[in-house]
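K.L.:
One-letter residues, chain by chain:
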Amino acid sequence: MASGDLTRSEVILKGAFAAGAVYGVGTAGPFVRKALAVAGGSDVDTLNFALAFEQMESAFYKGAYAKVRGGKLDLLIGLLADYEPQHVTALAAAIKQLGGKPATAPKFDFTYSDDAGLLRLAQTIEDTAVGAYNGLIPLLKDKEALATAAAIAQVEGRFAAMVRQRNGVAPAPDAFDPALDESQVRVAMKPFIQ
Amino acid sequence: MAKAPVSRRKFMALTGGSAALAAVLAACGNDAATTSSTGGVTSETEQFGKGDIGILNYALTLEYLETAFYKDVIKSGLFKGADLEMMRKFGSEEAEHVSALAAAVKQMGGTPAPAPKTKFALKNKKSALELASTLEGLGAAAYLGQMPNIQSPSVLASALAIHSVEARHASAINSLHGESVAPNGALARPADAETVLKLVEPFIVG
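Chains X and U supply the protein sequences, listed in that same order. Residue 1037 in this note's numbering sits at position 125 of the first sequence; the count goes up by one each step and never skips. Residue 54 in this note's numbering sits at position 6 of the second sequence; the count goes up by one each step and never skips.
In case anyone wonders, no lab produced these hints; they're calculated from the structure. Among the clues, some could well be false.
Said to hold, decoys possible - Pairs of lysine-lysine, DSS-like flavour, derived with a Cα cap of 25 angstroms:
#1 X/K1019 x X/K1008
#2 U/K123 x U/K174
#3 U/K119 x U/K246
#4 X/K1053 x U/K98
#5 U/K98 x X/K1055
#6 U/K123 x U/K137
As the list claims (entries may be wrong) - DEER-style ranges, computed between Cβ atoms:
#7 X/N1079 x U/K171: 42 to 48 angstroms
#8 X/K974 x U/E178: 31 to 37 angstroms
#9 X/K1019 x U/P164: 50 to 56 angstroms
#10 X/G983 x U/E133: 27 to 33 angstroms
#11 X/A1017 x U/G226: 34 to 40 angstroms
Computed from a predicted structure; not experimentally measured. Think of the CB as a built atom: it goes at the ideal place given N, C-alpha and C, for glycine as much as any other residue.
All chains, please: the whole structure from these sequences, using the hints.
P.N.:
See below:
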């Protein structure tokens, strides 16, 4: 890997996460590839990008729930493990509605050693989800797809606040949530994709 | 009424982390010409102005309401410690929404809607939380309901930046109140302007 890539990704992340300095810079994986294909900008592409994020969240909470089931985090992680897959379903349906093909989920890998680590990661993922939706929704031309994405975005915001409260930090750190563009979100996702 | 230059600068600073958002208000003026038409559809937000200006003023009215509510809550003495801190924080964030929206309306050549006179029955902590939950839930639903109606991408971007914060508020208030953080399930439910305005009517006097 060229060292230039690393620097660039760090710069991007710092920019992405600077607003309020609330997001975990821990998501800055050292293994950032130069570019992850995909461009185009059609609604199907945009929705498939959101789908990939939701697939990641679903995989994360599925694995997490298997670990915390019956414990202190049962309810909180259980809710996330229940709802995030519904976002996957809703987005896949929206993609099909537009005549597109939902992309297959990549394999994910999450590393954390205890409940605190799990919750920190959850906070980063939820805050990033909010930023991702706030960035991608204005790209959508189809109003129905836009409404669906916004309905999901709101729930991501609600989840972000829930996890942050559990972590003892401000649920709504700023009056305005930042928007992340696709490259910023892909950089944040990269460490979790096998 | 908020002082537009100050609030605008503040808004820009706060959203400065993203290029898309940093351009939001600066671009509003350019978009104004394309947002004057609503395609012949009469909408409840038209009473606040045409197109995006009407939507922004509608949102502004709701933010005024929320700001006034938190002011009353803080004054009521019903909350202490961390809970009071949260109410203060939310109240100041709502006030920032007011400033940003008023500035955006002016930027587009419109006149910001006036602050409504409000009245909230704050008997005890429970009823105050109930009311907070209602207002924040409505706020989030109101923004969600307007998303597909917004014409200008930059106005849409600012509405989204506020929408997810309303969602965070609603979630945190619901937690404090012992309610579900996502009471409508995995997909949030939107509310149209007619419904929202009817529901907030009891809190507006005169």
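K.L.:
Each of the hints needs a verdict: does it hold here or not?
P.N.:
Hints versus structure:
About 22 angstroms separates the Cα atoms of X/K1019 and X/K1008, which keeps this hinted pair within 25 angstroms; it holds. A C-alpha spacing of about 16 angstroms is found between U/K123 and U/K174, which places the hinted pair at or below 25 angstroms, so the restraint holds. A C-alpha spacing of about 22 angstroms is found between U/K119 and U/K246, which places the hinted pair at or below 25 angstroms, so the restraint holds. Proximity of X/K1053 to U/K98 is assessed by CA-CA distance (about 21 angstroms); at most 25 angstroms being required, the pair is judged to hold.
The hinted pair formed by U/K98 and X/K1055 meets the criterion: a straight-line CA distance of about 20 angstroms does not exceed 25 angstroms. The hinted pair formed by U/K123 and U/K137 meets the criterion: a straight-line CA distance of about 14 angstroms does not exceed 25 angstroms. Checked against the given bound of 42 to 48 angstroms, the beta carbons of X/N1079 and U/K171, roughly 33 angstroms apart, lie outside it. Remark: the range hint 31 to 37 angstroms for X/K974 to U/E178 is upheld by a beta-carbon distance near 35 angstroms.
The beta-carbon spacing between X/K1019 and U/P164, approximately 53 angstroms, falls within the hinted interval of 50 to 56 angstroms. At about 29 angstroms, the beta-carbon gap between X/G983 and U/E133 stays in the expected band of 27 to 33 angstroms. The hinted range of 34 to 40 angstroms is satisfied by X/A1017 and U/G226, whose Cβ atoms lie roughly 35 angstroms apart.
Of the numbered hints stated above, the single one contradicted by the structure is hint 7.
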